[in-house]
Structures are given as structure tokens and as C-alpha cells.
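> All chains, please: the whole structure from these sequences, using the hints.
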Amino acid sequence: MNNAQISKAEIVSETYQTTGSPLMDDPKMRVRNVDVFYGEKQAIFDVNLDIGKNEVISMIGPSGCGKSTFLRCLNRMNDTIDICRVEGELLLESQNIYDKKIDVVELRARVGMVFQKPNPFPKSIYENVAYGARIHGLTDNKVELDELVEKSLIRCGLWKEVKDRLDEPATGLSGGQQQRLCIARAIAVNPEVILMDEPCSALDPIATATVEELIHELSENFTICIVTHSMQQAARVSQRTAYFHLGKLIEVNDTSTVFTNPEHKLTEEYITGRIG
Amino acid sequence: MTDNSQQSSESLRERTDQRRAAALKKRHAAEKRFRWFGRLSIAFGLAAVVFLFTDIISKGLGAFTQTYVNMEVTFDADTLGLTPNSSEEEIKAASFGSFFKKSLRERYPDLSSRKEKRDLYALFTSDMPLILRDMVLADPNVIGTTQRVSMIADDDFDTYYKHSYGRDLSGDEKVSRLSETQENIVDQLVKSGAVEKKFNTIFFSNSDSREPELAGIKGAVVGSILTLLVTLVFSFPIAVATAIYLEEFAPKNKITDFIEVNINNLAAVPSVIFGLLGLAVFINFFGLPRSVPLVGGFVLTLMTLPTIIISSRAAIKAVPPSIRDAAMGMGASKVQTVLHHVLPLAMPGMLTGTIIGMAQALGETAPLLMIGMVAFIVDTPAGVTDPATVLPVQIFLWSDSPERAFVEKTSAAIMVLLTFLICMNSLAVWLRKRLERRW
Chain A
1 MNNAQISKAE
11 IVSETYQTTG
21 SPLMDDPKMR
31 VRNVDVFYGE
41 KQAIFDVNLD
51 IGKNEVISMI
61 GPSGCGKSTF
71 LRCLNRMNDT
81 IDICRVEGEL
91 LLESQNIYDK
101 KIDVVELRAR
111 VGMVFQKPNP
121 FPKSIYENVA
131 YGARIHGLTD
141 NKVELDELVE
151 KSLIRCGLWK
161 EVKDRLDEPA
171 TGLSGGQQQR
181 LCIARAIAVN
191 PEVILMDEPC
201 SALDPIATAT
211 VEELIHELSE
221 NFTICIVTHS
231 MQQAARVSQR
241 TAYFHLGKLI
251 EVNDTSTVFT
261 NPEHKLTEEY
271 ITGRIG
Chain B
1 MTDNSQQSSE
11 SLRERTDQRR
21 AAALKKRHAA
31 EKRFRWFGRL
41 SIAFGLAAVV
51 FLFTDIISKG
61 LGAFTQTYVN
71 MEVTFDADTL
81 GLTPNSSEEE
91 IKAASFGSFF
101 KKSLRERYPD
111 LSSRKEKRDL
121 YALFTSDMPL
131 ILRDMVLADP
141 NVIGTTQRVS
151 MIADDDFDTY
161 YKHSYGRDLS
171 GDEKVSRLSE
181 TQENIVDQLV
191 KSGAVEKKFN
201 TIFFSNSDSR
211 EPELAGIKGA
221 VVGSILTLLV
231 TLVFSFPIAV
241 ATAIYLEEFA
251 PKNKITDFIE
261 VNINNLAAVP
271 SVIFGLLGLA
281 VFINFFGLPR
291 SVPLVGGFVL
301 TLMTLPTIII
311 SSRAAIKAVP
321 PSIRDAAMGM
331 GASKVQTVLH
341 HVLPLAMPGM
351 LTGTIIGMAQ
361 ALGETAPLLM
371 IGMVAFIVDT
381 PAGVTDPATV
391 LPVQIFLWSD
401 SPERAFVEKT
411 SAAIMVLLTF
421 LICMNSLAVW
431 LRKRLERRW
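Residue numbers (my numbering), protein chains in the order written: chain A, 1 to 276; chain B, 1 to 439.
To be clear, the hints were calculated from the coordinates, so they are not data collected in a lab. One should not assume that every hint holds.
Listing some non-contacts, in silico: residues in chain B with all C-beta distances to chain A over 10 angstroms [what the hints assert, rightly or not]: (1) V50; (2) I91; (3) D325; (4) A327.
25 angstroms max Cα-Cα, derived BS3-like pairs, lysine-lysine [claimed, not checked]: (5) B/K101 <-> B/K26; (6) B/K59 <-> B/K218; (7) B/K92 <-> A/K117; (8) B/K317 <-> A/K123; (9) A/K123 <-> B/K334; (10) B/K252 <-> A/K100; (11) B/K162 <-> B/K254; (12) A/K41 <-> B/K254; (13) A/K151 <-> A/K117; (14) A/K100 <-> A/K117; (15) A/K101 <-> B/K92; (16) B/K317 <-> A/K117; (17) B/K334 <-> B/K254; (18) A/K123 <-> B/K433; (19) B/K334 <-> B/K317; (20) B/K433 <-> B/K334; (21) B/K92 <-> B/K102; (22) A/K117 <-> A/K160; (23) A/K100 <-> B/K334; (24) B/K191 <-> A/K41.
Some but not every residue of chain B turned toward chain A, in silico, with C-beta under 8 angstroms [to be verified]: (25) A250; (26) K252; (27) T256; (28) S322; (29) I323; (30) A326; (31) M328; (32) M330; (33) L339.
Think of the CB as a built atom: it goes at the ideal place given N, C-alpha and C, for glycine as much as any other residue.
Dropping the structure here:
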């Protein structure tokens, strides 16, 4: 009781400093003093975080804590929401992604995204994977495009399952296959960072296991930020874990530290099941 | 003590059971009542439709047949003053009117008075001399020979033969406008087997006429098609562009709210007002001609725009946001997202809305009256700038005519219009089924 009150007081203070080790040298993405507002309401308070190269960082926290909002700042998907306003500095390889000169199209080609609900285009499996390459003009001819589609599907472990029905509608696939197809679609344009917004919450445990394995393999080449509701998943797939609470980044540490020896009271309460 | 509480708990159980049973009975009754209300209203609607169709079909079916009289006509060279070698001008100048009357008179020598003769001539359509002339023009060799000619009966003859002849009708039911002499002639003709009813091709191949037996809907159908084409060409692109802009690109502010309210309002504005607007803008200000499908199409475009915009916006709204997210997340620009993903998914809904708007435009009369498409036009329009009328206006014109035969034609034209409407609406349903992606 007493502890909870103290921690609440800490949260309310505007100048809260994230505990643990949010910063690092030579990161892929650098987030400094970021605030996000929905109209009058502030959703994210002064977040500072570095995202390392080829690391998997998971973001956990209770519902409505702002972790998805934060994730969507990283490739400016929040731009599609009229009342959303982002302040602060977000750097991708030392380039401010909210700079007026940055073309959001190019940014999203470099920072891909996989959504909570599998959302393949209502087109063929082939077209789904080829779409990114087409709009960004990545291939010169059909042969190259075919190769790219095959390579992407192989990397997602989907090739064997779909190679005979590339022309069939992608929506005919199972939920887990659809989600892997969405990941194949995202990696087909060879992004630097992949953002995943609860990619397994609509999947059954077996499909979840497949996707988690895939994330593990992809982390060799890509930086992956994953938002998840499942602490077990965060523990399984990520090297670092960031805990959000009411729009503030409470603690960032190695995943093992967060789950075995959390520094902050709130983190501890969350992972032991007392919050959320 | 325990006994007592057990008893009260039992009585409580009993009371609960009773109350629940009573409530359940009430609920069932209410559901049954509701179902019956539904059935009743559907039955009422169906009855109205059946009544409408039986009434129109029973009245209009007659118009699809026409009475003809097969007669031997001798193209006497002397009477016509022509030979098979006569030139076209000579044939055109020849008096086929008196020739026609003479050949009829020769058939009925006992008709002596002027009135009786006039009655005889009036049994056939007034265009008969022209039809004979066209026969000769087509083949001058018929001169001097005797030909079997299928003569078109006058509308009074036609109506009498179709509805009254040989029936024991009395009083009001007897609708004959024929004189006694005429009835006798008809009787003779029928007995000799010369009279026959054939499918009325005139109704589909002719345009409007003062003579009911020569009046057809071709001009009105072509006018309707031209008008609808103009409407489609202008309304579909404008409406779809408006809907996409408002739904996907326009900032959500007071101005867009204001525009939205106005579009919804326009959908409810009486169509005659669009007619007045068209008259003021297109005809008076821009000086476009009156009574032409082009202006009619413009006016109907104004009228159908709100309908198509509203249904297109609904179709765009129905596209799941996850598809937009997916496209944006891939780095597609706003325009690419809309063109590649939103538009194909919204297209079935847009097309359905468009066809329904077109069907509405097809049935529209009032605005076209305002821009002069109500004129009596005998020629079939060849283009969008030729004076024309449209099906519903043709129906309006005929329904105003006193001749009994036009009553029939009115119903027949309504049947044609309804056929078009049913076809268009079926097309809308088919298109929606066909294009709708259930994946």
C-alpha cells in the first residue's frame, strides 16, 4: 500500500527519469524527449530510449500505457491520426525522422511494420509480397521479382506451404500463415527496422511459436521492436525489455534483468501480476 | 425453525417459477405478434406490387398487338398515272391519297353517301397512302399488278376489334367509337378472314405520333439512353472523385462538415428544382439548346450526384482500416493506398450506388419538363444535341391523351420502363455479388 503510493507519486512527477539502461552507444534509433499528444491529452511523457543494431527490444506494460502509440511514432504511422502530435527528437541513423525534409514513404520502407491483426491485402499471395517491391521500384523485371518473392517467403518459412498456390487469395491462408505472410511482405523491401505491434495476439499457441522462431531468425539481419502483452513472449524473444506505465518509460534493461531482478517497484508489480 | 425456513424457501421457489412462466408466456406472445406484423407488412407490400403489375399488364398487353387488314390492292397504272418506268419524282408527285380512296370505294360500291365513304376511309390509318407510295418507291414494278397489302387499322378499329368485337357488351363497357356503317364493314372483313392481329412492331420502331396506331417508343427509348449516357459520363467520375477526396484527403473541419450537410440536403431536394436550376444555368446562361439529351443529362447529373456521393462514401468507409494501415506501413503514399487498395474494395459499393442513381434518373420526369424535354417529337434523336423526349415523359404525354388507344400505349410504355428498371437493379445486385470480395 505504502509502496504503491510512493511509486504513484513518482509517476506523476514530470521529471521522471527512466531507470535501468535506456541509452547506449551507436544505436540504430535514438529517441530523445519524445512527447505524444492526442488532442489535449498527453499519451507519452518525455521518453528517452536507444534501440540498438540488430537487437530485439520488447515493450511491455498494462493496456493503455502508450507502448503501441510509441511504436507507431517510430515509422510515423501516427501521422494518419489527425489529432495526434509528436514532439521531441526521433533519429534513425542520426537523421530526424520528423524532419520536414524526410519523405514518409522512404522512412516506412526503412522501418517496416507488422500489425496486431494479420492484414494481408485482398490480393494473391504473390501480389502481397511483391507489392512493396513494386511501389518502391526495387526490381527491374519479373525474374528478379519472382526471386525476391521466393526469398522472402523462404525466410518466413512459408514457401513450402504456399509455393503451389501463389495466385490464390492471401485471405485463404490460416491466421498464422497470414501473419507470416505479413512479415514476408515487410521484409521483402529489406527494411532496417521492423516494428511489430502485438503480432501474435490473434494467433493460436502453435502459430505463435512459429512466429516467435521467425523473429529470432530475423534478428540476425534486422532490428526488431515488438510490443507484446505476453511477458513470456517478451522473455522468449527479446534481448532488452522496456516497461511503460501510463505513458512513461519506467525501466529499460536486459530482458533477464527485468524479469528476474527489476529495478523499479512498478516493473516488479507488473511482472509479478499485481498491475495490469 | 429449519422447517419454517425450508417452507418459505420452497414457497419462494414456487413463486419464482410461476412468475417466470408467466413472463415467458408474455415474451413468446410478443415475439409471435412481432413476427406477424412483419408478415402482414410484407403481404401488404406484395399485394400492392401484384395489384400494380396486374393493372398495368392487363391494360397494356393489348398495345403489343396491332390489327391489320389483308387486302388485295391493284396498283392501277391509269389511276396512279404511273408506269413501272416512272422516275422517283413522278412517283412522289402521284396522288396516292385518291388512289387509296378509290380502291377502297371500288370494294364497297354500295356505300353511297359522303359520310359512309368517310367512315370507310377512317377505318385505316391516315398514313396508308404514304405506305402504298413507299411500296411503289421500293419496287416500281408493282405498278399494274395486284398486291396483297397488310393495311394498318386505325386505332378506333383496332380498339374495337381487340376489346369489343364479338362480345356481348352493354352500356359503359361498350367502348366502340365506330359508327354502325364501320361496324358492319369490320364485321364483313372479319368474316372474310382478312383481319388479323400481329405483334406490334410499330410500337418499337416508331417514335411519337398523333395517330395512336403509329405511335411508338423508339424515340423515347433512344432519348432515355442518350440522356442516361450523358448522366453516367458526368456523374460517376465527379461523384467518385468527390467521395474519395472528402473521405480520404479532406481535413476534418467545419468546412467539410458543412459540405457534408449540404450534400445530404441536396439528396432530398425535389427534382423539379434541379430542373429549374438547369433551365436557368444551362439554357438561359450558357445558351444550350432546349429539349436535348445533353442538357437533360446535365440536370440529371446534378440530381444523381448526391446519391452516388453518399453511397460511394459509405463504400469507402466500409473498407477496413487495417488495409489502409497495411498499405501505409509498406510505404505506399496516400494516393497509392487509395488507388491500389481502397478503391478496388469500394468499387462494388460505388457501382451499386451509381446504378441505383441511374435507375432513379431513368424514372425522372419533373426536371426534364422544366428544360423542355416534354415537346412532341416525331424524329428519333441521332445525338445528344437533337431534340428528344424520354420514356417517363412519353408516358406522361400519352397519359394525357384522350384516345382509348393511348391508354393502352401508356401502360405498355410503363411496362417497358419497368423492364429497364428491373434490368438495371438486377445488374446492380449481380455486379455487387460478382465484385464483392468476401476474403
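> If a hint holds in the structure, say so; if it does not, say that too.
Structure-based check of each hint:
1. V50: 42 angstroms, holds
2. I91: 68 angstroms, holds
3. D325: B/D325 is in fact no farther than 10 angstroms from some Cβ atom of chain A, at 6 angstroms.
4. A327: Since the minimum Cβ distance to chain A is about 7 angstroms, B/A327 lies within 10 angstroms and the statement is violated.
5. B/K101 <-> B/K26: 83 angstroms, violated
6. B/K59 <-> B/K218: 20 angstroms, holds
7. B/K92 <-> A/K117: Violated: B/K92 and A/K117 sit about 81 angstroms apart, past 25 angstroms.
8. B/K317 <-> A/K123: 20 angstroms, holds
9. A/K123 <-> B/K334: At roughly 19 angstroms apart (the allowed maximum being 25 angstroms), B/K334 and A/K123 satisfy the hint.
10. B/K252 <-> A/K100: It holds: about 22 angstroms lies between the C-alpha atoms, which stays within 25 angstroms.
11. B/K162 <-> B/K254: Violated, because 65 angstroms separates the two Cα atoms, which is more than 25 angstroms.
12. A/K41 <-> B/K254: Between A/K41 and B/K254 the Cα gap is close to 22 angstroms, so the pair holds against 25 angstroms.
13. A/K151 <-> A/K117: Measuring from Cα to Cα gives roughly 24 angstroms; hence the hint holds.
14. A/K100 <-> A/K117: This hinted pair is violated, its Cα atoms lying about 31 angstroms apart.
15. A/K101 <-> B/K92: 82 angstroms, violated
16. B/K317 <-> A/K117: The hint holds at about 19 angstroms.
17. B/K334 <-> B/K254: Distance of about 23 angstroms is within 25 angstroms: holds.
18. A/K123 <-> B/K433: Roughly 17 angstroms separates the two Cα atoms, so the pair holds.
19. B/K334 <-> B/K317: Given pair B/K334, B/K317 holds - Cα atoms ~15 angstroms apart, limit 25 angstroms.
20. B/K433 <-> B/K334: Measuring from Cα to Cα gives roughly 28 angstroms; hence the hint is violated.
21. B/K92 <-> B/K102: 18 angstroms, holds
22. A/K117 <-> A/K160: Holds, at about 23 angstroms.
23. A/K100 <-> B/K334: 17 angstroms, holds
24. B/K191 <-> A/K41: Distance ~95 angstroms between B/K191 and A/K41 Cα, so the pair is violated.
25. A250: 11 angstroms, violated
26. K252: 6 angstroms, holds
27. T256: 11 angstroms, violated
28. S322: With Cβ-Cβ at 4 angstroms, under 8 angstroms, it holds.
29. I323: 6 angstroms, holds
30. A326: With Cβ-Cβ at 4 angstroms, under 8 angstroms, it holds.
31. M328: 6 angstroms, holds
32. M330: 5 angstroms, holds
33. L339: 11 angstroms, violated
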